[in-house]
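Chemist: First to last, the sequence lines map onto chains C and Z.
Start counting the first sequence at 37; every next residue gets the next number (our numbering).
Start counting the second sequence at 491; every next residue gets the next number (our numbering).
To be clear, the hints were calculated from the coordinates, so they are not data collected in a lab.
Just so it is clear, CB atoms sit at the ideal spot from N, CA and C, and this is done for glycine as well.
Among the hints, a few may not be true.
[Stated by the list, open to error] With a Cα cut of at most 16 Å, we get these calculated EDC-like pairs of lysine to aspartate or glutamate: (1) Z/Lys503 with C/Glu60; (2) Z/Lys513 with C/Glu48; (3) Z/Lys514 with C/Glu50; (4) Z/Lys661 with C/Glu119.
[Stated by the list, open to error] Partner residues are not named here, just some residues of chain C that face chain Z (Cβ under 7 Å, in silico): (5) His62; (6) Tyr70; (7) Asn72; (8) Cys108; (9) Gly129; (10) Phe139; (11) Ala140; (12) Gly158; (13) Ala161; (14) Met201; (15) Leu203; (16) Glu204; (17) Ile266; (18) Ala270.
[Stated by the list, open to error] Pulled from the structure, derived: some chain C residues nowhere near chain Z, Cβ distances all over 12 Å: (19) Asp44; (20) Ser130; (21) Arg184; (22) Arg207.
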Amino acid sequence: MLILRDLDEKEEREIRETHELQKEMHLFLTPVCYLNLEVKNQEGKIISKYKDRSKSWVRNFYNWQAVQQMACPTNSLGITYGEGSLTIANQLGSPRYDSQYLFAHKTSSLAGFQNGIIVGTGDDAESFESYDLSAEIEDGTGAGQLQRSIMSQPIPTYDGVTKEMTLELTRNFINNSGGSIEVKEVGLWALFLYFSVNSYSDILVSRDLLSPTVTVDNSYKLTVTYMIQITYPA
Amino acid sequence: MEILKHISDLDKKRLNRLKEQHKKLHLMSIPICKMKAQVLDKRNKVSVSYEDLSRSWNRNFYNWQVCQQMTCSSNCMGSAFGEGTLACKDKDGNPGSSNTPHHLRTASQGYQENSGGLLHGIIVGTGSTPESFEDYYLESVIEEGTGAGQLNYSAVSPIVPVYDPVTKELKAEVIRYMLNNSGGTIGVNEVGLMVCLSGMYYTMISRDVLPSTLNVLADYQLKVTYEITITYPA
Numbered sequence: 037m038l039i040l041r042d043l044d045e046k047e048e049r050e051i052r053e054t055h056e057l058q059k060e061m062h063l064f065l066t067p068v069c070y071l072n073l074e075v076k077n078q079e080g081k082i083i084s085k086y087k088d089r090s091k092s093w094v095r096n097f098y099n100w101q102a103v104q105q106m107a108c109p110t111n112s113l114g115i116t117y118g119e120g121s122l123t124i125a126n127q128l129g130s131p132r133y134d135s136q137y138l139f140a141h142k143t144s145s146l147a148g149f150q151n152g153i154i155v156g157t158g159d160d161a162e163s164f165e166s167y168d169l170s171a172e173i174e175d176g177t178g179a180g181q182l183q184r185s186i187m188s189q190p191i192p193t194y195d196g197v198t199k200e201m202t203l204e205l206t207r208n209f210i211n212n213s214g215g216s217i218e219v220k221e222v223g224l225w226a227l228f229l230y231f232s233v234n235s236y237s238d239i240l241v242s243r244d245l246l247s248p249t250v251t252v253d254n255s256y257k258l259t260v261t262y263m264i265q266i267t268y269p270a
Numbered sequence: 491m492e493i494l495k496h497i498s499d500l501d502k503k504r505l506n507r508l509k510e511q512h513k514k515l516h517l518m519s520i521p522i523c524k525m526k527a528q529v530l531d532k533r534n535k536v537s538v539s540y541e542d543l544s545r546s547w548n549r550n551f552y553n554w555q556v557c558q559q560m561t562c563s564s565n566c567m568g569s570a571f572g573e574g575t576l577a578c579k580d581k582d583g584n585p586g587s588s589n590t591p592h593h594l595r596t597a598s599q600g601y602q603e604n605s606g607g608l609l610h611g612i613i614v615g616t617g618s619t620p621e622s623f624e625d626y627y628l629e630s631v632i633e634e635g636t637g638a639g640q641l642n643y644s645a646v647s648p649i650v651p652v653y654d655p656v657t658k659e660l661k662a663e664v665i666r667y668m669l670n671n672s673g674g675t676i677g678v679n680e681v682g683l684m685v686c687l688s689g690m691y692y693t694m695i696s697r698d699v700l701p702s703t704l705n706v707l708a709d710y711q712l713k714v715t716y717e718i719t720i721t722y723p724a
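Please work from the sequences and hints to get the whole structure.
Modeler: Right, here's the structure in full:
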């Protein structure tokens with residue numbers, strides 16, 4: 037098995053120290069997000085593994101959190117997208133806003149939305165302003181396509197000893213395209229509801245550029261997992 | 491002017507250290523909350539001042555944040571309130587959850603409140619029981635009115651945050667005035683922050699107990715400010 041990338045132990049230690057200081061100060065403990073990729077062959081044998089901390093929340097994610105925590109509508113600082121504004125950029129880069137609060141909606145009951153994990157072949161540098169993958173890999177069995185599995189409604193697990201609430205978001209991508217596919221980027225999408233206009237929208241909240249890239253040979257399966265962890269103080 | 495407390499130099503240094511660590515490690519910024527309480531005399535001059543970091547987000551706040559960041563239904567871990575579940579507890583002690591994530595939906599569900607209302611925004615009380623992560627309402631809320639032991643609560647305006655492009659800080663202030671028309675002195679010991687989460691249940695998300703009683707003399711008013719800050723990475 038090929039280990040393409042693994043966690044940086046020094047950084048993990050620094051995160052633990054950060055959490056210790058936050059605990060001491062009785063502050064909200066910073067959520068941490070990890071990204072894992074695993075390629076398996078037809079027999080289910082793991083061929084390669086990639087593990088890293090995801091460091092790539094984009095402006096959409098921050099604005100979503102700010103709107104909920106500060107209880108202010110997305111149009112309260114104007115209706116353009118960018119620094120100093122709370123609007124959300126949709127997949128085309130157009131600003132979405134609302135006079136009510138924006139919030140994440142459950143994902144399982146709505147067909148036709150692509151929320152969840154999507155992978156791509158683009159290698160544009162990560163940017164805080166990203167609102168789409170550089171080059172999304174389409175769902176299918178044609179050349180350069182991967183078959184995406186359905187993602188179920190997320191349910192976290194809780195560890196009573198560590199007080200960690202952990203969510204694993206997993207998606208499988210099967211390569212039935214007939215050729216190898218090199219995955220270079222991973223995006224996480226959430227489904228938002230704009231309440232005053234009763235309109236849903238898929239929004240990119242994180243985009244990770246892979247280094248090194250992950251190759252999925254024909255008939256191999258790629259499993260991508262985002263693990264989000266929030267530690268409770270009690 | 492009597493200063494009951496102010497934010498210590500040590501805490502200021504620690505906050506700066508945390509900010510640097512978050513930037514270096516590319517961690518998501520956490521909401522930093524400060525609470526300021528001032529007693530104003532009849533000429534609006536500050537007679538007593540208290541300011542500290544609010545360290546009192548409770549289980550309700552954590553569960554709301556987890557639901558939003560993990561996009562999971564608030565009943566996905568059961569409908570009871572307590573460790574290991576995502577249900578919130580309303581001000582009357584009833585657990586609340588549903589098959590959507592906890593969220594603020596309409597602009598009337600946040601911190602803004604009409605004059606005299608005690609369901610949103612800032613409320614104060616006389617109770618001094620130590621803070622608990624499981625708190626769901628003030629121990630002894632001071633009612634609206636002009637009778638003995640009562641305060642006249644002002645309206646809480648809709649929140650419009652302010653962004654500083656130099657520090658990249660987005661700041662929201664929730665402010666409320668409470669006028670003592672009761673004819674006697676009222677001792678304030680606790681401050682709470684309320685919202686109305688999805689499902690229309692009124693929920694306290696933070697309770698701060700003051701280190702010593704803030705006495706609001708007859709015809710004096712109490713001004714309470716919660717300042718929530720989120721630092722953007724770019």
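Chemist: Under the criterion of a CB-CB separation shorter than 7 Å, is C/Phe139 in contact with chain Z as hinted?
Modeler: holds, 3 Å
Chemist: Taking the least C-beta to C-beta distance, is C/His62 closer than 7 Å to chain Z?
Modeler: Check passed: Cβ of C/His62 comes within 3 Å of chain Z, closer than 7 Å.
Chemist: Verify that the Cβ of C/Ser130 lies farther than 12 Å from every Cβ atom of chain Z, and report whether the claim holds or is violated.
Modeler: Correct as stated: the minimum Cβ-Cβ distance to chain Z is 20 Å, above 12 Å.
Chemist: Say whether it holds or is violated: C/Arg207 keeps its Cβ farther than 12 Å from all Cβ of chain Z.
Modeler: holds, 14 Å
Chemist: Regarding the pair Z/Lys514 and C/Glu50, is the alpha-carbon distance no greater than 16 Å?
Modeler: It holds: about 10 Å lies between the C-alpha atoms, which stays within 16 Å.
Chemist: Under 7 Å, Cβ to Cβ, is where C/Gly129 needs to be relative to chain Z, so tell me if that hint holds or is violated.
Modeler: violated, 17 Å
Chemist: Does C/Cys108 pass the interface check with chain Z, least Cβ-Cβ distance below 7 Å?
Modeler: Where the cut-off is 7 Å and the nearest Cβ of chain Z is about 4 Å from C/Cys108, the hint holds.
Chemist: If you take the shortest Cβ to Cβ gap from C/Gly158 to chain Z, is it below 7 Å?
Modeler: Violated, about 20 Å.
Chemist: Straight-line Cα separation of Z/Lys661 and C/Glu119 no greater than 16 Å?
Modeler: Given that 16 Å is the threshold and the Cα spacing comes to 14 Å, the pair holds.
Chemist: So, C/Ala161 near chain Z? Judge it on the closest CB pair being under 7 Å.
Modeler: Because about 13 Å separates C/Ala161 from the closest Cβ in chain Z, which is outside the 7 Å limit, the hint is violated.
Chemist: At 12 Å, judged by beta carbons, does C/Arg184 keep clear of chain Z as stated?
Modeler: holds, 18 Å
Chemist: Using Cβ atoms only, decide whether C/Tyr70 comes closer than 7 Å to chain Z, and label the hint accordingly.
Modeler: violated, 12 Å
Hint check: violations occur at hints 6, 7, 9, 12, 13, 16, 19; the rest are consistent with the structure.
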